[in-house]
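Visitor: Protein chains in written order, with numbering that gives the first Met the number 0: chain A, 0 to 134; chain B, 0 to 134; chain C, 0 to 134; chain D, 0 to 134; chain E, 0 to 134; chain F, 0 to 134.
As the list makes no split between identical chains, a pair holds if one copy fits it or if it spans any two.
For lysine-lysine, the following DSSO-like pairs were computed, each having C-alpha atoms within a straight-line distance of at most 30 Å: (1) 64 - 20; (2) 91 - 67; (3) 67 - 119; (4) 20 - 67; (5) 119 - 91; (6) 119 - 107; (7) 91 - 107; (8) 20 - 107; (9) 48 - 91; (10) 91 - 20; (11) 48 - 64; (12) 48 - 107; (13) 119 - 48; (14) 64 - 119; (15) 67 - 48; (16) 64 - 107.
The set of hints was computed from the structure by calculation and includes no laboratory data. The structure displayed is predicted, hence computed values, not measured ones.
6 protein chains.
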Amino acid sequence: MRTTVCRRATFNAAHRLFNPKWDEETNNRIFGLCNNPNYHGHNYTLIVKITGDINPETGYVIDLKTVKDLINLLVIEPFDHNNLNLDVPDFKYLNPTAENIAKVIWEKFRNHLGITFDIKIQLHETENNFVEYPG
Amino acid sequence: MRTTVCRRATFNAAHRLFNPKWDEETNNRIFGLCNNPNYHGHNYTLIVKITGDINPETGYVIDLKTVKDLINLLVIEPFDHNNLNLDVPDFKYLNPTAENIAKVIWEKFRNHLGITFDIKIQLHETENNFVEYPG
Amino acid sequence: MRTTVCRRATFNAAHRLFNPKWDEETNNRIFGLCNNPNYHGHNYTLIVKITGDINPETGYVIDLKTVKDLINLLVIEPFDHNNLNLDVPDFKYLNPTAENIAKVIWEKFRNHLGITFDIKIQLHETENNFVEYPG
Amino acid sequence: MRTTVCRRATFNAAHRLFNPKWDEETNNRIFGLCNNPNYHGHNYTLIVKITGDINPETGYVIDLKTVKDLINLLVIEPFDHNNLNLDVPDFKYLNPTAENIAKVIWEKFRNHLGITFDIKIQLHETENNFVEYPG
Amino acid sequence: MRTTVCRRATFNAAHRLFNPKWDEETNNRIFGLCNNPNYHGHNYTLIVKITGDINPETGYVIDLKTVKDLINLLVIEPFDHNNLNLDVPDFKYLNPTAENIAKVIWEKFRNHLGITFDIKIQLHETENNFVEYPG
Amino acid sequence: MRTTVCRRATFNAAHRLFNPKWDEETNNRIFGLCNNPNYHGHNYTLIVKITGDINPETGYVIDLKTVKDLINLLVIEPFDHNNLNLDVPDFKYLNPTAENIAKVIWEKFRNHLGITFDIKIQLHETENNFVEYPG
Numbered sequence: 000m001r002t003t004v005c006r007r008a009t010f011n012a013a014h015r016l017f018n019p020k021w022d023e024e025t026n027n028r029i030f031g032l033c034n035n036p037n038y039h040g041h042n043y044t045l046i047v048k049i050t051g052d053i054n055p056e057t058g059y060v061i062d063l064k065t066v067k068d069l070i071n072l073l074v075i076e077p078f079d080h081n082n083l084n085l086d087v088p089d090f091k092y093l094n095p096t097a098e099n100i101a102k103v104i105w106e107k108f109r110n111h112l113g114i115t116f117d118i119k120i121q122l123h124e125t126e127n128n129f130v131e132y133p134g
Numbered sequence: 000m001r002t003t004v005c006r007r008a009t010f011n012a013a014h015r016l017f018n019p020k021w022d023e024e025t026n027n028r029i030f031g032l033c034n035n036p037n038y039h040g041h042n043y044t045l046i047v048k049i050t051g052d053i054n055p056e057t058g059y060v061i062d063l064k065t066v067k068d069l070i071n072l073l074v075i076e077p078f079d080h081n082n083l084n085l086d087v088p089d090f091k092y093l094n095p096t097a098e099n100i101a102k103v104i105w106e107k108f109r110n111h112l113g114i115t116f117d118i119k120i121q122l123h124e125t126e127n128n129f130v131e132y133p134g
Numbered sequence: 000m001r002t003t004v005c006r007r008a009t010f011n012a013a014h015r016l017f018n019p020k021w022d023e024e025t026n027n028r029i030f031g032l033c034n035n036p037n038y039h040g041h042n043y044t045l046i047v048k049i050t051g052d053i054n055p056e057t058g059y060v061i062d063l064k065t066v067k068d069l070i071n072l073l074v075i076e077p078f079d080h081n082n083l084n085l086d087v088p089d090f091k092y093l094n095p096t097a098e099n100i101a102k103v104i105w106e107k108f109r110n111h112l113g114i115t116f117d118i119k120i121q122l123h124e125t126e127n128n129f130v131e132y133p134g
Numbered sequence: 000m001r002t003t004v005c006r007r008a009t010f011n012a013a014h015r016l017f018n019p020k021w022d023e024e025t026n027n028r029i030f031g032l033c034n035n036p037n038y039h040g041h042n043y044t045l046i047v048k049i050t051g052d053i054n055p056e057t058g059y060v061i062d063l064k065t066v067k068d069l070i071n072l073l074v075i076e077p078f079d080h081n082n083l084n085l086d087v088p089d090f091k092y093l094n095p096t097a098e099n100i101a102k103v104i105w106e107k108f109r110n111h112l113g114i115t116f117d118i119k120i121q122l123h124e125t126e127n128n129f130v131e132y133p134g
Numbered sequence: 000m001r002t003t004v005c006r007r008a009t010f011n012a013a014h015r016l017f018n019p020k021w022d023e024e025t026n027n028r029i030f031g032l033c034n035n036p037n038y039h040g041h042n043y044t045l046i047v048k049i050t051g052d053i054n055p056e057t058g059y060v061i062d063l064k065t066v067k068d069l070i071n072l073l074v075i076e077p078f079d080h081n082n083l084n085l086d087v088p089d090f091k092y093l094n095p096t097a098e099n100i101a102k103v104i105w106e107k108f109r110n111h112l113g114i115t116f117d118i119k120i121q122l123h124e125t126e127n128n129f130v131e132y133p134g
Numbered sequence: 000m001r002t003t004v005c006r007r008a009t010f011n012a013a014h015r016l017f018n019p020k021w022d023e024e025t026n027n028r029i030f031g032l033c034n035n036p037n038y039h040g041h042n043y044t045l046i047v048k049i050t051g052d053i054n055p056e057t058g059y060v061i062d063l064k065t066v067k068d069l070i071n072l073l074v075i076e077p078f079d080h081n082n083l084n085l086d087v088p089d090f091k092y093l094n095p096t097a098e099n100i101a102k103v104i105w106e107k108f109r110n111h112l113g114i115t116f117d118i119k120i121q122l123h124e125t126e127n128n129f130v131e132y133p134g
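Given the sequences, and given the hints that come with them, work out the whole structure.
Guide: The following block contains the structure:
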């Protein structure tokens, strides 16, 4: 039976939402306070969900220590205590909305996990706003 | 790729569970303490989940400010600090169980959102009891 | 050394805030939506904090099973799934604000616990509003 | 419309992860600290999710009181304040990973609920690690 | 009896920790990742605790609606979705550590509340780090 | 002004409550399920609260990185994934109740922090049971 194991982690980052092809007025209308040119920030909560078969020898779908190490390598090191727009190449040309951050994280995991695993990313930007990216 | 954005909100309401076609003894047997004729109440936590495509111009599936405004219009204003049985027409002839409240909220959102969006409602009645209505 | 042990519990109740000596307009101005005559409700979270000396034989300040039983007897049975204004004699002439509910609970515990214990009541009405009553 | 009702509960248990067919070195390499022969423990949080049709007479998919009673009978009584490896027959020959605990709980519910219900088990081992077993 | 009422709110902001009198190496040694010149950010959770006597007419220590409005005026409007170092005059010459942010908020409330009230500020910077400033 | 900084951490451990001077019947009567000779376990949540003056150069009472390192050294390394009764010398002759665990942790911190700091330990054994040890 396909079973899903989930690992939670947090990172803290600054960001700003805007579309460089638009003028300031349009950006303000669409993104409101999130377009502050001096940036604001969040404590992001990430949940990586990996679906596969339970290995009968270990009782694991995948060792969550492996998932923790991948989260550190792929997300915490490049994102934590950084400015997503300025410090993270993934968002040089991509607006760092929660949707796009989740998509970028999903792609990183897809490149590092075997094809027998399904991956789903849940990303909480605040206690009231979160997204789910199932690939 | 289809992506889901979620918005959380809370409202406080009184309610009572009963079926007017049944006698008091049957209502007490089926609904127990929830059938108290003087009502009891809850802090409901609502999560509205909307699935669609990420707009490449904004990086949004839908602006969560729009979802917040719809939650205020469709749920908070009519339900918050009210008695669901007495003050909310949706429950004049419908027992306000968590299942039915979620279904009513889903129908309100279905009527206000474009057909390209899928909608799922999660409603927490207590920290131990919650329901999911996917339409 | 004085040590504090704490026990958490929840109850669900309807209530309405108003002062029967005031006219409706004054009650609406002071209590706003909380004055809805049809009631609204909450999931209350109660934390009972009891301070005393650690018994060297047991390692306990007081057995939390005793505190749990007292919470059930003094609070859950009379308050849970009830209407505080109509069903609970303590609030027949006392406005069931969070402050007054905490005070009533403190007095009940003061009457049931030995004088060597200090008591503090914390009561959460919503996730954003809570009170502390230290006696 | 198919609707899901969910009930949360907690239990506290000791356990140890190891494969009796492997030598100590292999067990330590695969299970690390979780292989401590003196056991460690967790506050497990269980969420049982049951999907079915809303009964138009009650407004319930299933009475959550029934689900609560089943959780007590099938999970809390045999697992709570016990050592999963030593005290619970289900894990005499099965490694008590979160995946396997969830699977065992799913099977218990499958045997006790009518076939019209779908069942999904979510089990949190820590605040960072949890699993989902959909059967 | 002195009673404490508490109101919770959240705001999202960017910040950077550094002492302009120190060289870069010293700032990096003392503040580590928090000294990123491009800023990082947090979802701050604020709890304002106000202690006073229960007014026998209202049952309130102070109307929490008043506290909510003061939080919006004194904290949310100037801090939320801003860069504490660049956008908030309070931190032009003051390092925006959690301790200093709590102290600034306490002083704002002290200037706006009557002397009969005691004030205590609790500020959570992450789920693991928080401070309490009792004045 | 004296300010308090707080750091949260978690550890997972097995334990058993009993008094070796008592017979089995007395231990069962006093400690109930907690006296299971095969042990049970918890996810403990620890909050270390340190009170001192804000250093005007750093804006810190104490660097929370220092507190995090001390928690790892004094608590996580010796307690996490261990059996408190069998693996931790502090509890060889001391019943590992939440009260006593908090006291032991307080004493460890008292020995490692300068006398200008006040220390308070909060320890959560379950979501419903926690203790506070102020020294």
